[in-house]
Amino acid sequence: MRDEGRNIGIIGGTGRMGGLFQHIFEDAGCIVEVIGRAPASEYREFVKRCGVILISVPIQATSSVIQSIGSVLEEDQLIADLTSIKVMPVAAMLESAAQVIGLHPLFGPDMASISGQKLIMTPARARTETVQWLMSIFRHTGMQVFESTAEEHDAAMAIMQGLIHFQNILLAKTLRKLNCTITNLLPYATPNAHTTFAFMARTLSQDSELYGGMLLLNPGIKPIISSYAKSFDELTETILSVDMEGFRREFTAGADFTAPFNESAKPLTDHLLDQVVREW
557 MRDEGRNIGI IGGTGRMGGL FQHIFEDAGC IVEVIGRAPA SEYREFVKRC
607 GVILISVPIQ ATSSVIQSIG SVLEEDQLIA DLTSIKVMPV AAMLESAAQV
657 IGLHPLFGPD MASISGQKLI MTPARARTET VQWLMSIFRH TGMQVFESTA
707 EEHDAAMAIM QGLIHFQNIL LAKTLRKLNC TITNLLPYAT PNAHTTFAFM
757 ARTLSQDSEL YGGMLLLNPG IKPIISSYAK SFDELTETIL SVDMEGFRRE
807 FTAGADFTAP FNESAKPLTD HLLDQVVREW
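Numbering (the numbering used here), first residue to last: 557 to 836.
Hints are not guaranteed to be accurate.
[Claimed, not checked] Here are the simulated DSS-like cross-link-like pairs (lysine-lysine), alpha carbons at most 27 Å apart as the crow flies: (1) 733 with 778; (2) 822 with 674; (3) 778 with 674; (4) 786 with 733; (5) 778 with 729; (6) 786 with 729.
[Said to hold, decoys possible] Pair ranges (Cβ atoms, derived): (7) 795 with 598: 55 to 63 Å; (8) 733 with 761: 42 to 50 Å; (9) 723 with 812: 17 to 25 Å; (10) 731 with 698: 32 to 40 Å; (11) 698 with 778: 33 to 41 Å.
Calculated directly from the structure, the hints in this document are not laboratory data. All residues carry an ideal CB built from backbone N, CA and C; glycine is no exception.
Whenever a hint applies, use it, and build me the whole structure from the sequences.
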């Protein structure tokens with residue numbers, strides 16, 4: 557790899573996530589140069605002097621930025637991206653001659669520590685030593701690094717991000733339609749409900765473009781939401797018809813499904829709910 561990966565160029569490095577990865581690479585002894593919003597011609601000149609190019613721009617702009625520089629990239633360079641979907645950007649990066657590794661940090665730039673946080677790597681066209689070099693940098697920070705294909709990643713993210721965020725947005729929409737305010741509900745909130753409100757608010761306090769990209773641009777989300785809607789209708793019918801036996805069957809089936817996770821989930825949620833009671 558050119559310059560043994562010492563020279564890193566981050567397109568979008570003036571943003572918070574790009575800035576976080578600038579520090580990660582600098583701590584690893586790399587020379588990092590960043591560039592913000594600029595014409596494609598500037599991007600092309602910028603990447604020519606870098607061994608590694610990291611794309612850290614909004615999902616909606618990722619493919620066009622990659623395509624604008626692809627023609628000048630060479631085999632001894634590495635291009636990677638930080639978007640939360642992988643099939644689309646990886647396909648765009650593979651149109652270049654460079655080595656290609658998709659990246660997805662499963663955390664935001666404002667975490668108190670990245671030690672223990674997860675990062676997914678999707679090596680699409682990269683030498684073994686390149687993958688190992690990059691992985692060693694991330695693991696040195698304490699991150700947990702997992703390898704995946706772009707397709708496996710996007711299928712999992714349709715559930716892990718798409719469905720979870722969808723539920724938070726839908727909950728807020730329902731409360732708005734009911735003219736309920738969180739402030740008025742909090743005196744009646746159990747620790748569990750309070751935690752649910754907190755995660756709902758956390759989601760909706762962030763960038764709509766980021767979450768819109770997760771929900772609208774991952775093709776895997778469509779069958780997931782369709783299945784969710786069908787499950788919602790079935791459970792609604794059980795409840796509205798006061799079918800206690802049907803509800804018991806559904807609850808038992810759900811309990812059997814989650815049983816392998818129960819042993820670790822109980823102490824974790826106990827700890828979390830104790831924190832909620834103490835702090836709120």
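Here is how each hint holds up against the structure:
Proximity of residue 733 to residue 778 is assessed by CA-CA distance (about 24 Å); at most 27 Å being required, the pair is judged to hold. Between residue 822 and residue 674 the CA atoms are separated by roughly 22 Å; this keeps the pair inside 27 Å, and the hint holds. At roughly 25 Å between alpha-carbon atoms, residue 778 and residue 674 fall within 27 Å of each other, so this suggested pair holds. A threshold of 27 Å between alpha carbons decides the hint, and for residue 786 with residue 733 the separation of about 22 Å falls inside it, so the pair holds.
Only pairs whose Cα atoms come within 27 Å are accepted, and residue 778 paired with residue 729 is accepted, the gap being roughly 20 Å. A distance of roughly 19 Å separates the Cα atoms of residue 786 and residue 729; the hinted pair therefore holds under the 27 Å criterion. For residue 795 paired with residue 598, a C-beta distance near 58 Å keeps the hint of 55 to 63 Å intact. The hint said 42 to 50 Å for the Cβ distance between residue 733 and residue 761, and at roughly 20 Å that hint is violated.
Checking the proposed 17 to 25 Å range against residue 723 and residue 812 shows it holds: the Cβ atoms sit about 22 Å from each other. Checking the proposed 32 to 40 Å range against residue 731 and residue 698 shows it holds: the Cβ atoms sit about 38 Å from each other. Between residue 698 and residue 778, the C-beta spacing of about 36 Å keeps the proposed range 33 to 41 Å intact.
Violated hints amount to a single one, hint 8; each of the other numbered hints is respected by the structure.
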